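J.: Read off the chains here:
Protein chains: 2
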Amino acid sequence: MVVELISVGTEILMGNIVNTNAAYLSEKCVQLGLSVYHEVTVGDNRQRLLDVIKTAAGRADILILGGGLGPTKDDLTKETLAEAFHKKLVTDEHTKERIQQYFKKKGNTSLIPENNWKQAEVIEGCQVLDNDNGTAPGLIVENDHGIKAILLPGPPNEMIPMFEKQVMPYLNKLCEYRIYSSMIKVCNIGESAVEMLLMDLIDAQSNPTIATYAKTGEVHIRISARTESKKEAESLMKPVITKIMRKLSGHIYTMDEKVTLEQCVVNLLKKYNLTLAAAESLTGGLFSARIVNVPGASEVLKGSFVTYTNKTKRKLLGVKKTTLVKHTAVSKETAEEMAKGVASELNADVAVSMTGIAGPDGGTEEQPVGLVYIACLAKGKVTVKKYQFQGERQKIRENAVVAALDLVRKCVINRYA
Amino acid sequence: MVVELISVGTEILMGNIVNTNAAYLSEKCVQLGLSVYHEVTVGDNRQRLLDVIKTAAGRADILILGGGLGPTKDDLTKETLAEAFHKKLVTDEHTKERIQQYFKKKGNTSLIPENNWKQAEVIEGCQVLDNDNGTAPGLIVENDHGIKAILLPGPPNEMIPMFEKQVMPYLNKLCEYRIYSSMIKVCNIGESAVEMLLMDLIDAQSNPTIATYAKTGEVHIRISARTESKKEAESLMKPVITKIMRKLSGHIYTMDEKVTLEQCVVNLLKKYNLTLAAAESLTGGLFSARIVNVPGASEVLKGSFVTYTNKTKRKLLGVKKTTLVKHTAVSKETAEEMAKGVASELNADVAVSMTGIAGPDGGTEEQPVGLVYIACLAKGKVTVKKYQFQGERQKIRENAVVAALDLVRKCVINRYA
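These protein sequences, in sequence, are chains A and B.
Sequential numbering of the first sequence, starting at 1, is according to the numbering used here.
Sequential numbering of the second sequence, starting at 1, is according to the numbering used here.
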């Protein structure tokens, strides 16, 4: 089945916002085994939207429209879709009640703006999708030719929960077969290297399929099988997953879709009842900020030092002057002393340090931009690794953080598991 | 003149990447006074791309196509556009030479893959746009009806410099009038508050126009005038800018398009020859990481402590136990002692501290999620501010960082200017 994504909103055409909804919905469609051939963005203009809907209805089975369900006059997705599908708008009492409850919960029933009642109007014969995080309901409606349209609110915090709770089960039922998928997340390896290693598997794929998603310093690999039962899917996927695991073993940090790399590290530290400390130079606090991303990180992170200068490396971490002079700040030796220093200063079980050259200036022939040393102390032993990252300042720093998270992960597993 | 943006790439339709190019190009088109009515994404499929090009050529004056200029068989934007415009492909000797030079610079001439020569093929009669950061050239070509197509490479690090250096001047010349614009960047105020304050100006706008771009904790306001001369534009914009400056005065941190908030803070500190130190609790290193974003930040940032727990607040910053017990870690008093502590520990001229509740847990009736105290010490005097941010964990932390940057900015200006 073919899906067409239609994003409605002049703010997208003006470049005021990046259309992350389209990427989210595209990925979900792939996951469901649906094909997306076109994604169209159109402004808040009745005639142009009408034309876009008609074109889409002529070449796709399912239209997913995002945005334009708000209470203002500019919001006309519902009205225009009704026109294209030759349907009327009718008041939905359930939604009216829900909107009332929504404002009540926010504590201001007396102040429901008159135009919010426009949002209780729905297309006749549609399925109403409740919005847990806003007033606009979603709608699912079908025209006389069996073409389906799914209307969703624009704000991601309203759209995503609605899609996951209500639209995914609906789409899943539509398909004759079901799609089951597994996720393998790897880090500290590039997308092209992953593709190279999996090339024979990717070339041979039919069912299950393999899709790779590149993130900074990470690649997420989704294996999807279309079958009638979960059991059948699992038996189809198992040999492929085994092969991928063999090829990427050291790089895999989780097979749980919802677990991030920082969460994986925090979970490991919690599991072995360990505390963490960090000494950051080129990363300037980014590593610690990633750890603090995980709710409850305070149980694990004792603290961190951002020691961007040689002086603070000496004062706070006790890095020796001779080390800095003899080996420079970007060296195996300095990284090691930084990790030892922060561990003893904060009395942490595990300590990690990052030092390197983020650029754009400061690179030399021996120490080019992108050179990074990362040290991890765990169970009294220090491991230091040397990296050479490519790209711009921000990219180099983000890659260094991923490498540091991965090194902590590996050291904890090696020494404590 | 009407522009249609066409993004070519199955990786976008699969959700593997977020289409940030579209947002970038949209914003630039607005800046140039061009209207974008449709943005279409289509996969690496000849027939579908051909249809999309034909539809676009029927409703727009200028087509901007991104992606599909690579060396592989999947890359067929050039071939398909040539077909739609009834043109032939010809070898461009200049591009052939440039590709050779490109590989030479990378140090591997002997290894130029055969399919790279495909990238030296261009559409007859086109204007070739050199690529400073890759092999694929960009092209500008016109069909018999005067419809123009601009073909750009997909990778942002190739597309953006090519657009700014070569495409913008081309588009500027096409317009009868020119667009001149000014930027006002404000922080620590929401987009709706900015719009409310500027509502009368926005409602009355015609030439110049006012467009607002919401960023986390910031709003960028672009004032654009379409005129024949720069002088005329300046005299049209001046009264509007003056009015905006009056309405938003305290929030404006720069009027320079290229200056970020962290850069503004670093510049101010450099100007007065001041050093900075930070003590971060809920932000976990994000503040320092933003400062380190600025190349050369090491001249300014002495160092930072991430003191996520009460213990490290006491040990590293000397926050008193009685303060933590009596006022809790999220209080005016703790924020003040944190700032004083890090300033004296690192001997910095200016120190800033952040403490608060990022959630999702840990909130109470008196101390709800989103409550943040920020203290700034400058010239021996501490200013503490209380904030109540909305949204999720990450949003609250990012807003706290913006508020901290803004507080440092204001304190430095107030005490040293």
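Certain hints may be false.
Since the list can't tell identical chains apart, any single copy or any two copies may satisfy a pair.
As the list claims (entries may be wrong) - Using 16 Å as the maximum straight-line C-alpha spacing, the simulated EDC-like pairs for lysine to aspartate or glutamate come out as follows: (1) K231 - E79; (2) K54 - D200; (3) K148 - E83; (4) K54 - E83; (5) K270 - D200; (6) K105 - D132; (7) K104 - E195; (8) K165 - D92; (9) K315 - E345; (10) K28 - E11; (11) K379 - D132; (12) K320 - E142; (13) K258 - E27; (14) K215 - E11; (15) K88 - E142; (16) K381 - E257; (17) K386 - E83; (18) K395 - E234; (19) K321 - E398; (20) K96 - D132; (21) K271 - E228; (22) K271 - D361; (23) K311 - E299; (24) K118 - E79.
What the hints contain is simulated information worked out from the structure, not anything from laboratory work.
Bear in mind the structure is a predicted one, so any value in this text is a computation, not a measurement.
J.: Each of the hints needs a verdict: does it hold here or not?
T.: So, going through the hints one by one against the coordinates:
{"no.": "1", "hint": "K231 - E79", "verdict": "neither (44 Å within a copy, 46 Å between copies)"}
{"no.": "2", "hint": "K54 - D200", "verdict": "neither (41 Å within a copy, 38 Å between copies)"}
{"no.": "3", "hint": "K148 - E83", "verdict": "within (14 Å within a copy, 34 Å between copies)"}
{"no.": "4", "hint": "K54 - E83", "verdict": "within (10 Å within a copy, 26 Å between copies)"}
{"no.": "5", "hint": "K270 - D200", "verdict": "neither (38 Å within a copy, 55 Å between copies)"}
{"no.": "6", "hint": "K105 - D132", "verdict": "within (12 Å within a copy, 56 Å between copies)"}
{"no.": "7", "hint": "K104 - E195", "verdict": "neither (52 Å within a copy, 26 Å between copies)"}
{"no.": "8", "hint": "K165 - D92", "verdict": "neither (21 Å within a copy, 54 Å between copies)"}
{"no.": "9", "hint": "K315 - E345", "verdict": "both (11 Å within a copy, 10 Å between copies)"}
{"no.": "10", "hint": "K28 - E11", "verdict": "between (24 Å within a copy, 13 Å between copies)"}
{"no.": "11", "hint": "K379 - D132", "verdict": "neither (47 Å within a copy, 49 Å between copies)"}
{"no.": "12", "hint": "K320 - E142", "verdict": "neither (73 Å within a copy, 66 Å between copies)"}
{"no.": "13", "hint": "K258 - E27", "verdict": "within (15 Å within a copy, 34 Å between copies)"}
{"no.": "14", "hint": "K215 - E11", "verdict": "between (26 Å within a copy, 13 Å between copies)"}
{"no.": "15", "hint": "K88 - E142", "verdict": "within (13 Å within a copy, 45 Å between copies)"}
{"no.": "16", "hint": "K381 - E257", "verdict": "neither (32 Å within a copy, 49 Å between copies)"}
{"no.": "17", "hint": "K386 - E83", "verdict": "neither (62 Å within a copy, 50 Å between copies)"}
{"no.": "18", "hint": "K395 - E234", "verdict": "neither (37 Å within a copy, 38 Å between copies)"}
{"no.": "19", "hint": "K321 - E398", "verdict": "neither (28 Å within a copy, 36 Å between copies)"}
{"no.": "20", "hint": "K96 - D132", "verdict": "within (14 Å within a copy, 57 Å between copies)"}
{"no.": "21", "hint": "K271 - E228", "verdict": "neither (38 Å within a copy, 68 Å between copies)"}
{"no.": "22", "hint": "K271 - D361", "verdict": "neither (41 Å within a copy, 21 Å between copies)"}
{"no.": "23", "hint": "K311 - E299", "verdict": "between (30 Å within a copy, 12 Å between copies)"}
{"no.": "24", "hint": "K118 - E79", "verdict": "within (11 Å within a copy, 48 Å between copies)"}
Of the numbered hints given earlier, the model fails hints 1, 2, 5, 7, 8, 11, 12, 16, 17, 18, 19, 21 and 22; all others are met.
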